[in-house]
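J.: In order, the protein sequences belong to chains P and E. So in my numbering, spot 322 of the first sequence is number 322, and the numbers just go up one at a time. So in my numbering, spot 183 of the second sequence is number 183, and the numbers just go up one at a time.
No lab work stands behind these hints, which were simulated from the structure alone.
Copies of the same chain look alike in the list, so a pair counts if it fits in one copy or across any two.
Quick list of in silico lysine-lysine cross-link-like pairs, DSS-like style, CA-CA up to 30 angstroms:
hint	residue 1	residue 2
1	K211	K255
2	K295	K211
3	K27	K67
Number of protein chains: 2
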Amino acid sequence: MDYKIFELGNCVLQSGATLRDAKLAYKTYGNLSADKSNVIVYPTWYSGQHYDNEWLIGEGMALDPEKYFIIIPNMLGNGLSSSPSNTPPPYDRARFPNVTFYDNVKLQHRLVTENFGIEKIALVVGWSMGAGQTYQWAVSYPDMVERIFPFCGSAKTSLHNFVFLEGVKAALQADSAWEAGWYKEQPTKGLRAVARVYAGWGFSQAFYREKIYIQQGYSSLEDFLVAFWEGFFLRRDANNLLTMLWTWQNGDIGKTPGFGSNFEQALGAIKAKAIVMPGQTDLYFPPEDNEYEVKYMPNALLRPIPSIWGHFAGGGANPVDTKFIDDSLKELLAS
Amino acid sequence: MDYKIFELGNCVLQSGATLRDAKLAYKTYGNLSADKSNVIVYPTWYSGQHYDNEWLIGEGMALDPEKYFIIIPNMLGNGLSSSPSNTPPPYDRARFPNVTFYDNVKLQHRLVTENFGIEKIALVVGWSMGAGQTYQWAVSYPDMVERIFPFCGSAKTSLHNFVFLEGVKAALQADSAWEAGWYKEQPTKGLRAVARVYAGWGFSQAFYREKIYIQQGYSSLEDFLVAFWEGFFLRRDANNLLTMLWTWQNGDIGKTPGFGSNFEQALGAIKAKAIVMPGQTDLYFPPEDNEYEVKYMPNALLRPIPSIWGHFAGGGANPVDTKFIDDSLKELLAS
Numbered sequence: 001m002d003y004k005i006f007e008l009g010n011c012v013l014q015s016g017a018t019l020r021d022a023k024l025a026y027k028t029y030g031n032l033s034a035d036k037s038n039v040i041v042y043p044t045w046y047s048g049q050h051y052d053n054e055w056l057i058g059e060g061m062a063l064d065p066e067k068y069f070i071i072i073p074n075m076l077g078n079g080l081s082s083s084p085s086n087t088p089p090p091y092d093r094a095r096f097p098n099v100t101f102y103d104n105v106k107l108q109h110r111l112v113t114e115n116f117g118i119e120k121i122a123l124v125v126g127w128s129m130g131a132g133q134t135y136q137w138a139v140s141y142p143d144m145v146e147r148i149f150p151f152c153g154s155a156k157t158s159l160h161n162f163v164f165l166e167g168v169k170a171a172l173q174a175d176s177a178w179e180a181g182w183y184k185e186q187p188t189k190g191l192r193a194v195a196r197v198y199a200g201w202g203f204s205q206a207f208y209r210e211k212i213y214i215q216q217g218y219s220s221l222e223d224f225l226v227a228f229w230e231g232f233f234l235r236r237d238a239n240n241l242l243t244m245l246w247t248w249q250n251g252d253i254g255k256t257p258g259f260g261s262n263f264e265q266a267l268g269a270i271k272a273k274a275i276v277m278p279g280q281t282d283l284y285f286p287p288e289d290n291e292y293e294v295k296y297m298p299n300a301l302l303r304p305i306p307s308i309w310g311h312f313a314g315g316g317a318n319p320v321d322t323k324f325i326d327d328s329l330k331e332l333l334a335s
Numbered sequence: 001m002d003y004k005i006f007e008l009g010n011c012v013l014q015s016g017a018t019l020r021d022a023k024l025a026y027k028t029y030g031n032l033s034a035d036k037s038n039v040i041v042y043p044t045w046y047s048g049q050h051y052d053n054e055w056l057i058g059e060g061m062a063l064d065p066e067k068y069f070i071i072i073p074n075m076l077g078n079g080l081s082s083s084p085s086n087t088p089p090p091y092d093r094a095r096f097p098n099v100t101f102y103d104n105v106k107l108q109h110r111l112v113t114e115n116f117g118i119e120k121i122a123l124v125v126g127w128s129m130g131a132g133q134t135y136q137w138a139v140s141y142p143d144m145v146e147r148i149f150p151f152c153g154s155a156k157t158s159l160h161n162f163v164f165l166e167g168v169k170a171a172l173q174a175d176s177a178w179e180a181g182w183y184k185e186q187p188t189k190g191l192r193a194v195a196r197v198y199a200g201w202g203f204s205q206a207f208y209r210e211k212i213y214i215q216q217g218y219s220s221l222e223d224f225l226v227a228f229w230e231g232f233f234l235r236r237d238a239n240n241l242l243t244m245l246w247t248w249q250n251g252d253i254g255k256t257p258g259f260g261s262n263f264e265q266a267l268g269a270i271k272a273k274a275i276v277m278p279g280q281t282d283l284y285f286p287p288e289d290n291e292y293e294v295k296y297m298p299n300a301l302l303r304p305i306p307s308i309w310g311h312f313a314g315g316g317a318n319p320v321d322t323k324f325i326d327d328s329l330k331e332l333l334a335s
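Isolated chain P, as found in the complex (with noise of 0.2 angstroms):
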């Protein structure tokens, strides 16, 4: 095992459901300065588990372990930090209660506090719903966290990145083997039908059309679908996806508790400094939301990634597109 679990006990959650005996898996890198001024936490995103974050990590990069003290929580629903696979009954599979961007952040934020003692944030970064988390931090916790760099997410779930999940969602539940959340064994077929949905979406027209995959190593487009796709999702626990996608669907940091679901006030109320990072060709988080939420952000930048990888830009397996992202976080940490 090569993370450690922090025990937050009973947590009321947003809905006014409790998470009993919660717990947080987080995975740390590097050291904490004496003044503890050398903190960056770096949310996981849909399904990610902490080490699918390390790509971004490393000596000469922005996010090195020499100068910084990275934490990385693993969302809740994830399988490692409390899931519905990971709880024991009454609250288990498919009675996980819902949680939210907010929830999370509320956890993430006594993890740092109450176990390293943290008062200052240096970065918050995340990809896609790690993104999602980054922009909660700033409005949770403004005078906390210096800078955010939210790439390839949104503060808002769009309506049209909810249709989207809407589809995955259905694919996996149209599989009787679903059996609404009490399944014996995996709905493999949902799984499988939620990877051929997601495939579409997860890169961009251009990247298909240039066969990126070929250069990649896939043999082939089924290839491809088979191996990179249904692989990456027959991995996944049915009930662990539909709790995240919850989460994802109902992002909104207009709904933090004192905005009354007033999104524009609370993408005003963000101190940190930020660089917005869209994927240009992403289909589900394009430019053009993040766009709409800089012009609310006091002290924000729009910075779109060059790229037709769609949302998997930030995905860390192009290193061009990598390089820049890298290069943009050094010249925020820098500021």
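We have chain P already, so just place chain E on it with the hints.
T.: Same frame as chain P, but now just chain E:
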């Protein structure tokens, strides 16, 4: 019954299979002139039937039945022409053979020539898969077709479009009630999943962002997903959808006999004068694919529909887009 059936007898398909007692359902509008020079052919789209095309026909419109003799042939697999749902055993249901755009157009050509004695076609026009048939007409019968107007479609199904359709197919087939095509009742869970998968693709991000569905009379996003999208697909037969989906996924005028899969050569063999009209925000037939095609077509103009309606800019529900299409059709017919 507002349509007629043309009996084709036994038809050998491109795959080598024989479609026995093949039937083409069609409807005509207006009168054939004495010199038979006023013919327009207007094929149908994925799951559409002839009456679904009628929004583009009318007095004072380009497709004016006072001036033109308009033939709408129903695509094979659409439930009216030979389809899994209406073919007797042994070629019924899951055994219905694969048909290509080439096969469809070959049968339509027999209708036009054998039944009506027509030698020249002033215009072939079609939306989406109807555009696929339009290109095919121009390649299969270059000396017969004077003008083509494919809108929101392509001459070759792109790899990304293929992947989108893999998602649609997988969502349907995840429903065990589908029973590999031998269902006793329609697999409605799968059809509803298809609807939700399709919803994100059919309209653009901006269409949802601006909540155009509310202006269209739906009371909420969920109401749009159920009333429009699920309603749309619940009326369809699953095997019919899969037959047409195969036709779509395998669309490629380069596979017309004589071209040896040389797509660019097939485009170059088109003699018809063409306006090619993508939807500017179409997510599965993006303008870039048509832009490539037009470079190889001797007599073609690219003219995107400036609309946020995505693929459905060509669906007839938005009067502004319909006028844009109709105006260009008038221009093409006058030339």
